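Residues per chain, in single letters:
Protein chains: 4
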Amino acid sequence: MSKGLHTKRIITDNEGFKKVVDIESSRKIGLPNGFVIARDLKQIQPGNFFEIKGKRYYVLSCDLYEYVMSKLKRRTQIIYPKDIGYILIKLDISPGKRIGEAGTGSGALTIFFSRAVGKEGRVYTYEKRKDFIELIQRNLAGGREFENVVLYNRAVEEGIHEKELDAFFLDLKEPWEVLDIVAEALKPDGYLGVLVPTTNQISQTLKTLENLNFLISEVVEIMIREYKLNADRFRPNDIMVGHTGYLIFARKLEG
Amino acid sequence: MSKGLHTKRIITDNEGFKKVVDIESSRKIGLPNGFVIARDLKQIQPGNFFEIKGKRYYVLSCDLYEYVMSKLKRRTQIIYPKDIGYILIKLDISPGKRIGEAGTGSGALTIFFSRAVGKEGRVYTYEKRKDFIELIQRNLAGGREFENVVLYNRAVEEGIHEKELDAFFLDLKEPWEVLDIVAEALKPDGYLGVLVPTTNQISQTLKTLENLNFLISEVVEIMIREYKLNADRFRPNDIMVGHTGYLIFARKLEG
Amino acid sequence: MSKGLHTKRIITDNEGFKKVVDIESSRKIGLPNGFVIARDLKQIQPGNFFEIKGKRYYVLSCDLYEYVMSKLKRRTQIIYPKDIGYILIKLDISPGKRIGEAGTGSGALTIFFSRAVGKEGRVYTYEKRKDFIELIQRNLAGGREFENVVLYNRAVEEGIHEKELDAFFLDLKEPWEVLDIVAEALKPDGYLGVLVPTTNQISQTLKTLENLNFLISEVVEIMIREYKLNADRFRPNDIMVGHTGYLIFARKLEG
Amino acid sequence: MSKGLHTKRIITDNEGFKKVVDIESSRKIGLPNGFVIARDLKQIQPGNFFEIKGKRYYVLSCDLYEYVMSKLKRRTQIIYPKDIGYILIKLDISPGKRIGEAGTGSGALTIFFSRAVGKEGRVYTYEKRKDFIELIQRNLAGGREFENVVLYNRAVEEGIHEKELDAFFLDLKEPWEVLDIVAEALKPDGYLGVLVPTTNQISQTLKTLENLNFLISEVVEIMIREYKLNADRFRPNDIMVGHTGYLIFARKLEG
Chain B
1 MSKGLHTKRI ITDNEGFKKV VDIESSRKIG LPNGFVIARD LKQIQPGNFF EIKGKRYYVL
61 SCDLYEYVMS KLKRRTQIIY PKDIGYILIK LDISPGKRIG EAGTGSGALT IFFSRAVGKE
121 GRVYTYEKRK DFIELIQRNL AGGREFENVV LYNRAVEEGI HEKELDAFFL DLKEPWEVLD
181 IVAEALKPDG YLGVLVPTTN QISQTLKTLE NLNFLISEVV EIMIREYKLN ADRFRPNDIM
241 VGHTGYLIFA RKLEG
Chain A
1001 MSKGLHTKRI ITDNEGFKKV VDIESSRKIG LPNGFVIARD LKQIQPGNFF EIKGKRYYVL
1061 SCDLYEYVMS KLKRRTQIIY PKDIGYILIK LDISPGKRIG EAGTGSGALT IFFSRAVGKE
1121 GRVYTYEKRK DFIELIQRNL AGGREFENVV LYNRAVEEGI HEKELDAFFL DLKEPWEVLD
1181 IVAEALKPDG YLGVLVPTTN QISQTLKTLE NLNFLISEVV EIMIREYKLN ADRFRPNDIM
1241 VGHTGYLIFA RKLEG
Chain X
2001 MSKGLHTKRI ITDNEGFKKV VDIESSRKIG LPNGFVIARD LKQIQPGNFF EIKGKRYYVL
2061 SCDLYEYVMS KLKRRTQIIY PKDIGYILIK LDISPGKRIG EAGTGSGALT IFFSRAVGKE
2121 GRVYTYEKRK DFIELIQRNL AGGREFENVV LYNRAVEEGI HEKELDAFFL DLKEPWEVLD
2181 IVAEALKPDG YLGVLVPTTN QISQTLKTLE NLNFLISEVV EIMIREYKLN ADRFRPNDIM
2241 VGHTGYLIFA RKLEG
Chain E
3001 MSKGLHTKRI ITDNEGFKKV VDIESSRKIG LPNGFVIARD LKQIQPGNFF EIKGKRYYVL
3061 SCDLYEYVMS KLKRRTQIIY PKDIGYILIK LDISPGKRIG EAGTGSGALT IFFSRAVGKE
3121 GRVYTYEKRK DFIELIQRNL AGGREFENVV LYNRAVEEGI HEKELDAFFL DLKEPWEVLD
3181 IVAEALKPDG YLGVLVPTTN QISQTLKTLE NLNFLISEVV EIMIREYKLN ADRFRPNDIM
3241 VGHTGYLIFA RKLEG
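Going line by line, the protein sequences match chains B, A, X and E. Going by the numbering used here, 122 is the number at position 122 of the first sequence; the sequence numbering is gapless. Just add 1000 to the spot in the second sequence (first one is 1) and you have the numbering used here. Just add 2000 to the spot in the third sequence (first one is 1) and you have the numbering used here. Just add 3000 to the spot in the fourth sequence (first one is 1) and you have the numbering used here.
One or more of the hints may lead you astray.
[As the list claims (entries may be wrong)] Pairwise CB distance ranges (calculated):
| # | chain 1 | residue 1 | chain 2 | residue 2 | range |
| --- | --- | --- | --- | --- | --- |
| 1 | E | 3048 | X | 2042 | 52 to 60 Å |
| 2 | X | 2070 | A | 1147 | 51 to 59 Å |
| 3 | E | 3119 | X | 2073 | 29 to 37 Å |
| 4 | A | 1030 | B | 16 | 52 to 60 Å |
| 5 | E | 3131 | X | 2218 | 32 to 40 Å |
| 6 | A | 1077 | E | 3174 | 28 to 36 Å |
[Said to hold, decoys possible] Pulled from the structure, derived: some chain B residues nowhere near chain E, Cβ distances all over 12 Å:
| # | residue |
| --- | --- |
| 7 | 4 |
| 8 | 6 |
| 9 | 31 |
| 10 | 42 |
| 11 | 51 |
| 12 | 52 |
| 13 | 137 |
| 14 | 138 |
| 15 | 145 |
| 16 | 157 |
| 17 | 184 |
| 18 | 196 |
| 19 | 200 |
| 20 | 215 |
| 21 | 218 |
| 22 | 220 |
To be clear, the hints were calculated from the coordinates, so they are not data collected in a lab. Computed from a predicted model, the values in this text were never measured in an experiment. Built from N, CA and C at the ideal position, the CB exists for glycine as well.
All chains, full assembly: derive it from the sequences and hints.
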């Protein structure tokens, strides 16, 4: 099992080739003009390069962004960094907080929650699909920096073990079915975040939230537009991600 | 001087009225149908409400998002949460890291950096304008959760005191003028982020980065689209923010 | 009553002041540093300028875009040029065609349909609100170039007089209620366009179209992003239109 | 050589298969579950269907949108309908007008200009590349409805034959090089449109326009967002076109 980010490196030729590799492994890494053995990269200080037939390959340390985008094993659509960054801010995730999540999916958001709450915080994450659990454990082990994640193989419909959570995030097909259960697990004043891909799901979630004791703060989409890295011919990429999901944010009220 | 977020509350009627107030103050807070004395809100547990002539006002704890958006005194265009969230991820800001920043501006990003690096991390922020310093100190005092920010009244052109920084963020008119100085302050493998509002500035920054030892990773725009909170008539807001700035990300190479 | 576009002029100082005026009128036109009598502009050839206290004002002929954006009297949200241009193409509007429309609203789209079908084409437009009719007549008279519009004060629910129309456009609150009536008025192979502002309306329209004999071709949003006219500081406007409406296009099938 | 749109048909199974075919041809048309001979479609009235092994295929008349998107032979990036619709409106293209264009490219915009000016209008289009001319002629022949296009194999740098044109559109790499020549061909008050893909080209074009006698009216981008045709799971497409080009619009001033 993987031992976290510090055993990983990014190799790039700065011309389109980029790969995340594990330097504990003895695998051959295919390069555009040859190969390298993964563990040989241990000798190279991150930020430096090696050469193959005169061609330079840079070795960089692997960060959470790269890990989540390139290395995470996926069985579901992951939540993207453009959305994760905004979720962290809107749920006011900070060191020491106790956060709940369902479903875990591939664990991308879980890892970022784990980092943001730090060693004194906790992330309680619920995934009902048994066949996802092993994958999630592997993904978490590879990217997590703190021992602060509790993973349950359980549907939140069956109850949430925690009380007085600071925030809860839902990435489920029918989030409206569990909002009352989530409300009980949240402290008054606590934060709720929901991700859904369709407008029908938003309508249904908003309706349910109105009937429960929540103050809806916003529904948004975050879009990212990438540009070509050409100073003299600066322009957006021809193709962009058109949609990942809509985000709903609310806060729990008392009484 | 303000004593951080825990002395602040949000008052909202959930119908468009929202105000952030300091419960250490004895000020009268104007409400749509009356007023309340700020310090009287101390009695109300966040998440609860009070009533004036039968109308409900909810009291919520104030988070960094609300503080930055509603309460920060501004002399400059602030960096927005949609951008801040993505910056935190792309610069791999995490507990314990040492981050540099210039210029500080109103301190919005500084406060989020401070939170993300936690008590063992450090944020070194440079602002050359003397008349901004007091404002920044007040803004930081009101929102900061950790004593981990070092504020310099100094232009980075005159030199950066630190070495081996994990990341550096630039929000300056002519960032290309200081990229060589920033490169010296960064550790190899370290992260650079730049915010500029115009495409001409991007072209100039990209050209300078190509000549220095940086690996440019991306140029992006983050856009946020807000929707009306109406389940039966779901639609985007009529007006949206069209532009805040372009973000450039790069990593420092060795040698 | 106004006599068409040729009696109208745009006055602009190229620094933010712009006004559309009628040169048949004897009104005083307020300018940033004085005034001018509208009919005196008859002497000035479009493309030329006049001066007031050394300041230049350009006089331009008025086109349909300017007329619709600045001069049209509105009682409803108008359909915007960004949407109109795409509608004209997707409905394959061309000289000689016979087009239906409901509701007419302020007549913005009607005028563009009128232009595009030319003198041998026809536009049949239905508006149920009696209090809109006079306004529409005035708007049409001011912008129309051809005598090819038939305006009915009638709800399409009560029946459409025409058969074998080439295309039909709906800008109604509940378009799904009249789709069967519209289908009867269209020729087989004919085009249907629908504008609705909310996602709930789209879902309902799509469901109804699936049950009628239509081939749905697309649902789209057209967004326009405006940039500041500054060559050295090129950047998007700070604020943009976030939403006007969603467009649905379909074609009628036989049997 | 093709004889216009009326000899073309769209075949679609309404499940992703769509093809534009010429019913003068005796070619076999491959279908998902068999084939059909193109000229046999002559028997089928547009809007009707035929069946192969119980599967329905609809036959629709081919419109300009489909022709340009599916059938036009391309040697260049074409201008897209989302942009064409807006260009037609902003250049005030209408029946009887005389329009100039350079370069012709694949002729997509030329065909729409041809339709919009009708039989009494004229489109004068300049393409300097000799190897494009035959392709353009074939494309025009296949889509044009009026005999109103004059195609020159000539660079506009060598001079424009016409004077007093109502509008001129430029789709060239260095439009700023020919703006003075275009200005001479336009009537005072006439319209200029320019398409460029990069921000550097915009800056250069704006600078040149400021020095010539033009009133710059706007620089915009038109974006189209497509949605999935699912009433119960309504959401945008995952991928969208991120960029085609920026549009600059201006009007010629006198003296």
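We went through each hint and held it up to the structure:
Checking the proposed 52 to 60 Å range against residue 3048(E) and residue 2042(X) shows it holds: the Cβ atoms sit about 56 Å from each other. Take residue 2070(X) and residue 1147(A): their Cβ atoms lie about 57 Å apart, and the range 51 to 59 Å holds. Distance hint check for residue 3119(E) and residue 2073(X): the Cβ-Cβ separation is about 34 Å, which falls inside the suggested range of 29 to 37 Å. For residue 1030(A) paired with residue 16(B), a C-beta distance near 58 Å keeps the hint of 52 to 60 Å intact.
A hinted range of 32 to 40 Å for the beta carbons of residue 3131(E) and residue 2218(X) is consistent with their spacing of about 35 Å. The supplied range of 28 to 36 Å is met by residue 1077(A) and residue 3174(E), whose beta-carbon atoms lie about 34 Å from each other. Distance to chain E confirms residue 4(B) as a non-interface residue, since its nearest Cβ pair spans about 31 Å, more than 12 Å. Residue 6(B), annotated as away from the interface, keeps every beta carbon of chain E farther than 12 Å; the closest lies near 34 Å.
With a least beta-carbon separation of about 29 Å from chain E, residue 31(B) lies farther than 12 Å from that chain, consistent with its non-interface assignment. No Cβ of chain E approaches the Cβ of residue 42(B) within 12 Å, the least distance being about 39 Å, so the stated non-interface status holds. No beta-carbon of chain E comes within 12 Å of the beta-carbon of residue 51(B); the shortest separation is about 33 Å. With a closest Cβ-Cβ approach of about 33 Å to chain E, residue 52(B) is found to remain outside the 12 Å limit, as its non-interface label requires.
The beta carbon of residue 137(B) sits about 28 Å from the closest Cβ of chain E, which is more than 12 Å, so the claim that it is off the interface holds. With a least beta-carbon separation of about 26 Å from chain E, residue 138(B) lies farther than 12 Å from that chain, consistent with its non-interface assignment. Every C-beta of chain E lies more than 12 Å from that of residue 145(B), the closest at about 31 Å, which supports listing it as non-interface. With a least CB separation of 22 Å from chain E, residue 157(B) remains clear of the 12 Å interface cut-off, as annotated.
Remark: the non-interface label on residue 184(B) is consistent with the geometry, its nearest Cβ contact in chain E lying 29 Å away (cut-off 12 Å). Annotated as non-interface, residue 196(B) brings its C-beta within 12 Å of a C-beta of chain E; the closest such distance is 9 Å. Some Cβ of chain E comes within 12 Å of the Cβ of residue 200(B); the nearest lies about 6 Å off, and the non-interface call is violated. Remark: the non-interface label on residue 215(B) is consistent with the geometry, its nearest Cβ contact in chain E lying 26 Å away (cut-off 12 Å).
Consistency note on residue 218(B): stated as away from chain E, and its beta-carbon is indeed over 12 Å from all of that chain's, at 19 Å minimum. No beta-carbon of chain E is positioned within 12 Å of the beta-carbon of residue 220(B); the least distance is around 14 Å.
In terms of the numbered hints stated before, the structure departs from hints 18, 19, listed from lowest to highest.
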